[in-house]
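Kindly generate the complete structure, drawing on both the sequences and the hints.
The listed protein sequences correspond, in order, to chains A and B.
So the first sequence is numbered by the numbering used here: it starts at 1 and just counts up by one.
So the second sequence is numbered by the numbering used here: it starts at 1001 and just counts up by one.
It is worth saying that the hints were derived from the structure and are not from the lab.
Computed from a predicted model, the values in this text were never measured in an experiment.
Among the clues, some could well be false.
Restraint ranges, calculated between C-beta atoms of paired labels, are given here [stated by the list, open to error]:
#	chain 1	residue 1	chain 2	residue 2	range
1	A	Arg29	B	Lys1080	48 to 54 Å
2	A	Arg117	B	Ile1064	27 to 33 Å
3	B	Gly1100	A	Arg117	39 to 45 Å
4	A	Cys154	B	Asn1069	51 to 57 Å
Heads up, simulated BS3-like pairs for lysine-lysine below, C-alpha to C-alpha not over 30 Å straight-line [as the list claims (entries may be wrong)]:
#	chain 1	residue 1	chain 2	residue 2
5	B	Lys1097	B	Lys1038
6	A	Lys64	B	Lys1039
7	B	Lys1092	A	Lys75
8	B	Lys1039	A	Lys46
9	A	Lys75	B	Lys1038
10	B	Lys1092	B	Lys1073
11	A	Lys75	B	Lys1080
Away from chain A, derived, C-beta distances all over 12 Å, residues of chain B [to be verified]:
#	residue
12	Asp1025
13	Glu1028
14	Arg1060
15	Phe1072
16	Phe1077
17	Thr1078
18	Ala1089
19	Ile1102
20	Lys1103
Glycine included, C-beta positions come from ideal geometry on N, C-alpha and C.
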Amino acid sequence: MIVLYHCYGAAHSSVLSAAIHLGLLAEDRVPGIKEIREIPFFDRKKSEEIGIPFFYGYDKRGNKIYIQGMGGSDKIVIGLLQDIMELYGIPEREVLLVNALENVNILVRIGGFLSRRLGLIFPGRVISIIGLQLAYPKFLATVLRVKEYIAKFCEM
Amino acid sequence: MFDSALLDYEKYKNEKRVLHKIYPDWPENIFLLVGGRKKRVVLQALEGYLEMFGIDPGYRLLDISRYENWGFKLAVFTDKAGFKRLAFALYKYSCRKLYGKIKG
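Right, dumping it as structure tokens:
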């Protein structure tokens, strides 16, 4: 199975969700600034890379974890994915889409804009990390639901 | 692919198609790809998804958006505004104009 965490630019929320999924961040506490800053790909993707799905790693069950920025064109990009899957006979259950953007707060948005769009990396990164720390329980809850879903799917 | 227990993806289920197969009876596979406003994002997603699934269709991409004129833009606007017949007439006019341009 492919789990695709998607957001706007694949720089913050989808990266954080994928990192939680792969066990790179603690599930019993909110991680510190340094821990979040050191996640692979965190606040690294450029605007030109929006649209590309990036492989993030394999989870314990061998599922492929991807991150993708959809740049606000979610409807068209998800429609494209559906059309490709239908065209090549890939079953719907093979891909699980998770919208990480639904968990972000205003701080993550402001931080992301400062860092990725305006190039103000230091303040932008700090603000987005604080925002992610505040929203961490929501991200964790989503990832746990995803894992629960995958576990049920694997038992079927 | 869509699990309502996770997030609400119902809104995407009835969306218009993005990849349209035209002339299904032809031996060549010809598709129309709707790029929307962010064409680069959609093209990068297309390449990325094919790679993600390990598919190599060996396709050739022709960007026809550069041929679009004001008639198409107006047609899309009137279509969205609900003036279907006017939109159709504008599409027809724009296509004729485009055809003339390519031919002559």
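Structure-based check of all given hints:
no. : hint                             : result
1   : A:Arg29 - B:Lys1080: 48 to 54 Å  : holds, 49 Å
2   : A:Arg117 - B:Ile1064: 27 to 33 Å : holds, 30 Å
3   : B:Gly1100 - A:Arg117: 39 to 45 Å : holds, 43 Å
4   : A:Cys154 - B:Asn1069: 51 to 57 Å : holds, 53 Å
5   : B:Lys1097 - B:Lys1038            : holds, 26 Å
6   : A:Lys64 - B:Lys1039              : holds, 27 Å
7   : B:Lys1092 - A:Lys75              : holds, 27 Å
8   : B:Lys1039 - A:Lys46              : holds, 17 Å
9   : A:Lys75 - B:Lys1038              : holds, 12 Å
10  : B:Lys1092 - B:Lys1073            : holds, 13 Å
11  : A:Lys75 - B:Lys1080              : holds, 17 Å
12  : Asp1025                          : holds, 17 Å
13  : Glu1028                          : holds, 15 Å
14  : Arg1060                          : holds, 17 Å
15  : Phe1072                          : holds, 18 Å
16  : Phe1077                          : holds, 19 Å
17  : Thr1078                          : holds, 22 Å
18  : Ala1089                          : holds, 27 Å
19  : Ile1102                          : holds, 27 Å
20  : Lys1103                          : holds, 32 Å
The structure meets every hint from the earlier list without exception.
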